[in-house]
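A.B. asks: Here the protein sequences come in this chain order: A and B. Take the first sequence: its letter number 36 is residue 176 in the working numbering, and every next letter is one higher. Take the second sequence: its letter number 4 is residue 10 in the working numbering, and every next letter is one higher.
Just to be clear, a hint being listed does not mean it is correct.
Listed below are the simulated BS3-like cross-link pairs for lysine-lysine, each with C-alpha atoms no more than 30 angstroms apart in a straight line [to be verified]:
#	chain 1	residue 1	chain 2	residue 2
1	A	211	B	105
2	A	197	B	42
3	B	76	A	197
4	B	42	A	211
Simulated from the structure, these hints should not be mistaken for lab results.
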Amino acid sequence: NAGVTQTPKFQVLKTGQSMTLQCAQDMNHNSMYWYRQDPGMGLRLIYYSASEGTTDKGEVPNGYNVSRLNKREFSLRLESAAPSQTSVYFCASSERNEQFFGPGTRLTVL
Amino acid sequence: GEDVEQSLFLSVREGDSSVINCTYTDSSSTYLYWYKQEPGAGLQLLTYIFSNMDMKQDQRLTVLLNKKDKHLSLRIADTQTGDSAIYFCAESIAFGASKIIFGSGTRLSIRP
Chain A
141 NAGVTQTPKF QVLKTGQSMT LQCAQDMNHN SMYWYRQDPG MGLRLIYYSA SEGTTDKGEV
201 PNGYNVSRLN KREFSLRLES AAPSQTSVYF CASSERNEQF FGPGTRLTVL
Chain B
7 GEDVEQSLFL SVREGDSSVI NCTYTDSSST YLYWYKQEPG AGLQLLTYIF SNMDMKQDQR
67 LTVLLNKKDK HLSLRIADTQ TGDSAIYFCA ESIAFGASKI IFGSGTRLSI RP
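Could you put together the complete structure from these sequences and hints?
C.D. replies: What follows is the structure, encoded as structure tokens:
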């Protein structure tokens, strides 16, 4: 059981470039989430997916898109990266009320 | 709106007890959580408490909930160097997809 996995671990982008952060879980959870973590601000929810085929905006969705490809995978896309999107990104999955987190992707936008 | 507040830093001596405090605003919270984040890692659930409980104990961890004051605390007995981490308080206000609102985290450092 790998739990929640994320790729890549680190990424450096130039302003305007695009990329997709990948997330997969092997716990058969229905709900999946994308958060960003910035110093002194805790975690902020970008998007979540209550079940396969549905996605909803969280607190800070602007500049991001998501795809719930199947029950296992939930990807986060930055179409045109901006320096304000420099952050650590965490994917999580849950069943009921306990969330399980991936190890994070550290993204720097120059 | 929903908000969760924590102090940013706490320093304790090894072997002492650590008490990390948290306040939240939404009285309809159903679950309250403590997560631990070690350097370079994701968050791990330490413990959680249902809103109809006042206290929960799990080995060295004691969670106290004061619903009237909307105050949650985490006590770590006999604090060890391995307890150095950031501790996040969080609340869940909706069942199902369960959006969880996180505090900004308290960085616990241990003095020898």
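A.B. asks: Each hint should be assessed against the structure and marked as holding or not.
C.D. replies: Against the structure, the hints come out as follows:
Proposed proximity of residue 211(A) and residue 105(B) is supported: the alpha carbons are some 18 angstroms apart, at most 30 angstroms. As the CA atoms of residue 197(A) and residue 42(B) are separated by approximately 26 angstroms, the hinted pair is consistent with the 30 angstroms bound. Between residue 76(B) and residue 197(A) the CA atoms are separated by roughly 27 angstroms; this keeps the pair inside 30 angstroms, and the hint holds. Between residue 42(B) and residue 211(A) the CA atoms are separated by roughly 27 angstroms; this keeps the pair inside 30 angstroms, and the hint holds.
No hint from the list above goes unmet by this structure.
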